[in-house]
Every structure is written in C-alpha cells, then in structure tokens.
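A.B. asks: Chain W: place on chain L using the hints.
There are 2 protein chains.
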Amino acid sequence: MNKILIKNIGELLTGREGSLEVLHDKELLLSGGKIVSVGKPGELSETGCEIIDADNSLVTPGLVDPHTHLIFFGTREDEFEMRIKGADYMEIAAAGGGIRKSVRMLRDASEDDLVEHSLPFLDNMLKHGTTTVEVKSGYGLSLKDELKSLRALKRLNEMQKVDLVPTFLGAHEFPDEYRGAHSTDREKYIEIIINEMIPAVVEERLAEFCDVFTEEGVFTVAESEKILTAASDAGLGLKLHAEEFEPIGGAELAARVNATSADHLVAISDEGIRSMKEADVTPVLLPGTTFFLGSDRYAPARKMIEAGLKPAIATDFNPGSSMTESLQIILTIACLKLKLTPLEAFEGVTLNAAKALNRSDSIGSLEAGMKADIVIWNADNHKQIPYHYGVNNVRTVIKGGEVV
Amino acid sequence: MNKILIKNIGELLTGREGSLEVLHDKELLLSGGKIVSVGKPGELSETGCEIIDADNSLVTPGLVDPHTHLIFFGTREDEFEMRIKGADYMEIAAAGGGIRKSVRMLRDASEDDLVEHSLPFLDNMLKHGTTTVEVKSGYGLSLKDELKSLRALKRLNEMQKVDLVPTFLGAHEFPDEYRGAHSTDREKYIEIIINEMIPAVVEERLAEFCDVFTEEGVFTVAESEKILTAASDAGLGLKLHAEEFEPIGGAELAARVNATSADHLVAISDEGIRSMKEADVTPVLLPGTTFFLGSDRYAPARKMIEAGLKPAIATDFNPGSSMTESLQIILTIACLKLKLTPLEAFEGVTLNAAKALNRSDSIGSLEAGMKADIVIWNADNHKQIPYHYGVNNVRTVIKGGEVV
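Just so you know, the protein sequences line up as chains L and W, in that order.
Residue 25 is where the first sequence starts when you use this note's numbering, and the numbers rise one by one after that.
Residue 25 is where the second sequence starts when you use this note's numbering, and the numbers rise one by one after that.
With the rest of the complex left out, here is chain L (with noise of 0.2 Å):
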C-alpha cells in the first residue's frame, strides 16, 4: 500500500473536540490505509509517495451514512406515483404496497440475488462519497430471511470497497403471518426475535446493532424495551426508529435503554429530547425521508443543537420512503429544511454519523491515525456542495489509503 500526500487542499474539514473545523494550509500524508499526519505544506516529507494534487480544492473525510436499508429487493416507483396522486399510507397498504411489498419481494429472492441486488447500489454511494454505510435487515420478517438478508450483507462487506456496519431489524414490521386476530400473533413473532433471531445472528457474528421500528401501529415502547434489552443482553449495540410520526415515547425508550442512536425524531417531544441528551444518544436525522414523503413536517434539528444534541443525517436509503444513494442531495435538504448550516450538515455525515456508528475513533475525522477514507471534491469549499445540488461533486474518493 502505498504512501500519499494530498497537496494543495483548498480547504480541510476535520474533527476537533467533537466540532467540525475549517482549515487551510494543510497538507495530508497517508500511509498503510491510514492517515499519518496532517501538516503545514514542506512540513511532511515527499520521499516515497504518490503525490495528489488537490489543486485548491475541498478535502473532507469521507462520508458516513449511519441509517440505510440497502438489502432490498426490487423498487415501488408505484408507490411513489399513487402518494402523489394523493394516496395514504393505508391505501397504499391496501393496494399491496409499503414494507411488506418488499418483504414479499425479499423472500422470493435468494442470497446470491440480494448480494446482485445491491451491488451497484454501493458503487454507486462510493461514487458519490460514502465509504462508510449501515445497512439494516428488515424485509425477511422471518429466521430464514433476516440471516439470509445478513448473511448477504456480510459477502458484500467482504466484496466490495464501501465498509458496511449491520444492523439486524427483525422488528421493522410484524409479517403477514403473525397479523392474524389473535392478540398473541403479536407475541408470538416478538417471541421469535427474542428466541431465534437475535440468538442466530449473534452466533454468527452477523450485526453490531440491533434496531426496532417503535411507532403507533407498529412496535409499542412496552414490546421495543423487551426486545432491545434481550438484544442488549446478547451483546449488540441499539438503535430505534422513533417518533417518526407521533411522540410516544421511543426518544425516552432510548435513552432508558442506553441506545448509541435514535432515528427519524420528526415528532420528537422536548422531554425525549433532554433524556437523549442526558443519556449521550446521537440523534439520526432523515430529512429525506420527509421530503419524498411529500410532506412538509421535518425533524426539530435546531431544537435539538440548542439542547446540545449533535444531529448525524443519513439517507435511509430504501425502496419505499428514500430512493437515494447520495448523502449529497440529503446535505441540501439538510440545510433548506432542518436549516443546519453547511459546516453543520457536514458534522452529521462524518463526526456526528461515526458517532452513531460506535466508530469516533476510526472514521469521520482526518486526524492522525485515523482510517485514510477521503474525498476530493470539484469545490472550493464545503458549501458548494450543499449548494450545488442534484449533481455528484465528487472529484476523487480515497478508500483506505487507496485511490479509488
């Protein structure tokens, strides 16, 4: 592996103290897929390295997205279409739409299928500047399907140049099956989750988080605690999808719990607001999300940055509510919709996003000794790419210490 300097950088996003800073002058050396030292230029040596020239361009870490679910299979463009045409949730649901659309589409397809599926997926967020993405499970609902969508993402892992960090979310939605009349279909399939899954995917080494969908309709904060502290018990970091649509709790749920995230927050109420900064949980902000939603209700951010919370924002990438492989486009309707600032837009896909991730020590920032994940941007500095949107401005990726 080669060493790198990266000269001529016209302006250096990097990590101090938990803040994003703007720097000049810098030059950066890579080494053994790691950074070096960041240093005045003539402070590092040239002997041995490959020399980029950044030619007075911007220079960031590269890109973190904490929340996706990538291993998907097959689109619902037709979804999209009818919510414009003024269709709700459970019409769409009625038209055999909505998540479990893609669970049917998910169990009829075989691992080497989801591993086809989202290959050019991940090309693509590299091509756009993520190196790092967390995928979630979600769309199996059943034993088989959860490690078969795992099980995919850990070959993927394996196989291609974006990290991926897995989430098991076997509480995403409860399946067709156990949607019956009975009042303990629904303890039936939590039961499952608790007693098979999260078991086998620990056994296997198949996800660092486990994650649950806490909402009206779907999982109560009663059944989400039971199932986040028997997966805590077995040894996986938390995150919760919660208020997204109404405050019931899930904010609160997880600051009790000690969860690294919470996720979505639209209707975050002020209490689930203090617990989470009481408890250090990061939240994850989706703004994306609304915006394909079509609707005009966005997650409370500055809110939150006043009570000191640090947002990280994410794509949520997924076939039926974010469409999108590129945290760029999240960046402009990060900052037109929540009103964070460029610089903090870009805290939450690096410092804020690696936070979210348990990684703050090796991804996010550029500070010696951290992973050599990089991007060259086609800017003069950060906020031209906020600004410059629908369009990738990414010049160079750097993966590891390697050129991309």
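Just so you know, these hints were derived from the structure itself, not from any lab.
Restricting the straight-line Cα-Cα distance to at most 27 Å, the calculated cross-link-like pairs of lysine-lysine (DSSO-like) are:
| id | chain 1 | residue 1 | chain 2 | residue 2 |
| --- | --- | --- | --- | --- |
| 1 | W | Lys-50 | W | Lys-27 |
| 2 | W | Lys-109 | L | Lys-327 |
| 3 | W | Lys-334 | L | Lys-109 |
| 4 | L | Lys-151 | W | Lys-185 |
| 5 | W | Lys-301 | L | Lys-109 |
| 6 | W | Lys-363 | L | Lys-109 |
| 7 | L | Lys-27 | L | Lys-151 |
| 8 | L | Lys-334 | W | Lys-109 |
| 9 | W | Lys-109 | L | Lys-301 |
| 10 | L | Lys-109 | W | Lys-327 |
| 11 | L | Lys-31 | L | Lys-185 |
| 12 | W | Lys-301 | W | Lys-334 |
| 13 | W | Lys-64 | W | Lys-31 |
| 14 | W | Lys-109 | L | Lys-363 |
| 15 | W | Lys-151 | L | Lys-185 |
| 16 | W | Lys-125 | L | Lys-363 |
| 17 | W | Lys-64 | W | Lys-50 |
| 18 | W | Lys-151 | L | Lys-151 |
| 19 | W | Lys-363 | L | Lys-363 |
| 20 | L | Lys-334 | L | Lys-363 |
C.D. replies: For chain W alone, kept in the frame of chain L given last:
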C-alpha cells in the same frame, strides 16, 4: 454519420397529439442525425446499422431545459448559507449579494472567461440527459456586457454538443448606475435596452428571444410591455419572468404580447391562467427555485393543467436561486411539490419544453423526422427517474444521432 438501430427498448416515451405516450415493443432507427422510424421489433432493417441494445430499459427524448441563466461568472454559496440562517432578500442585497453581485462578477470577466466557466456546466447537463438548453443573458446589464455574454453563448453553441437557445435578458434588473434617486434613471436604462441593446442583439443575430423580469420592485408591467413590444417589432420571440412573488399582471401581459412562454408563475391568478390559455402561452415552471429558496409556495401546476395548460419544467440554473444542471432532481421536485405525475413531469421537459422554445417540430419527441436526441436510462420505466432521486440515472445520451 452512422445508422443506428436501438433494440430491446423496455419502455419508449414519445409524443402524440401534444401528450407523451408510453409505448412498448418498439425499435428506433436513426440516420443522418434524425429519427428515421419507430417500428415493431423485426420491422426495421438492420442492414448497415450499428446496433444499440437498450437491455429492456427506458428510452426517452433528450431532455429540454427551457429556462436557465447559465452565462454567469462565480458562485454565490455564501447567500445560500445566509438564507438558511434567516436572512431575507433585502439583507442579502444589503450585504452585496443578489443578481447585482453576479453582475459585478460577470463585468470583471472576459468573453473567454465566460466560455471557459460555462463548459463544465454544459458537459454536466449533457451527462444528465439534457440535449437542448435555453440560456439567458442578464448579468451584464450594459450594452458591452450583454453582448459579451451572448457572444460567449454563440461560441459555446458552436464548440460543444448541447444545443443552446439564446435569450436576451437585458431587463433582468436595473444596473447600479441607473438606480439613483432620479426617477428618470429607470427610463434611461429602458431606453438603452430598446434603442441600443435590442438593435445590436438583432443585428448580430445573438438571440431568438427577449425576456423581461416583470415583478414588484423590478420591471413594472408597463415598462415590460414597452420593452417586449420593441423586441417583438425587432423580430425576437418573447418570454417573461412573471408572477414569481406577486400577481401583478405578468401572465396577462404575456398573453397580450403573444409571448411564447411565461415563467415562474408561483403567484399567478386565476385570470392570469385563463389569459395564458386563451393566448396559448406555455407556462414554464421552476420548482427547483422554490425548493432552493427554502419556500413552500409552489406554482399551482394542477390548476393550470385543469385549465388546459401544458406546463414545461426547467432547472432555472443560476448561481443565486437554483444551482443545478440536472433536470432529474427537478423532475423529482415537480412530482413531489407540483404534484405532477412522473409522465406529466417528463412531458414538462420534453414536449412542453420544446413548445416553450418554439421547437416542437424538431425536438422533445421521438417521431420520424425529429432530431435524434435520445436518452437511454438505467431504469425499467419512466416512474423510476423522479423516484430514484439525487443521482444521475442516465445510461447513454445520443445527441444528433451520435452516442456521446
């Protein structure tokens, strides 16, 4: 120029009687830069043809962007951030921003600078499927600088592949030197437009259209009518920036002067809609601009369609209020915010956009005899394009019968 046969088309969008149709089981034969015929598989002779296998993908006309301000120099990302932090139009202007900032930057640039600055944007447009673009002057606001802009445009039209339709927009704003306290200043600038600029533009054949920014605080309806009448008398087609913020009668003026298009129309009145329908003025809607300005007030597209109008859609590409070359993200915003169906949105950037540029006989559709401007997409069907957002879904662009 080779003959090309495009086979295995999954879905073909083409125009019939003013509407886009979705066709299946078709092949396209191109020769001499034009479409020779659209036939069923097996119907068209392959003799002497280069075969392009569309692999069951979507094939559409090359996209037409009927409203851009591509001739500028330098970006304005600082204003993007100021707006997020709550600054309004007046505060941005007071800080030296707005159109007048672009005027200062363009005046300091040479014709060569403008050509060089514009080439990457045109290249990016072509990569995103746009094969014809309307471009306005309007950051010069002096005889010399308006001519410099339009001459740069003429050179650009000859040196790269995207077809450019030039529009003279001397009436984009009043330049600083005619914003003094004297009420006669405005009159003087309008006289310069009418007596110096329009004759020079026509003499050098530098524009097809004349446009005016008719708006509260910019050009009044009376001033606009004077300019547009002079332009029409000089042989130019007419366009208006109308009713972007206030319904002051710009749509009715567009009808009265027989304009080809009226653009923006966020605040259009019912009477304005009726007038445009009666006079057959094409509305050009710019939903990316509303999005980029952080507003939630979009043009009443459905009302226009119900009234029988056929809206075109454009990027409004410019450094202040819509910094994107991609019509694809505009299709997404048009669906989500204007509530256009994906097919109506595609009509907006093909058939209806061609009409907004007086080019319905040569572009915007894939009938025999039309220019062979074609996009083959990484998608099975047209609904996937606005659905798969923030990324470039183009597989292959064919411009004038040649693969780009």
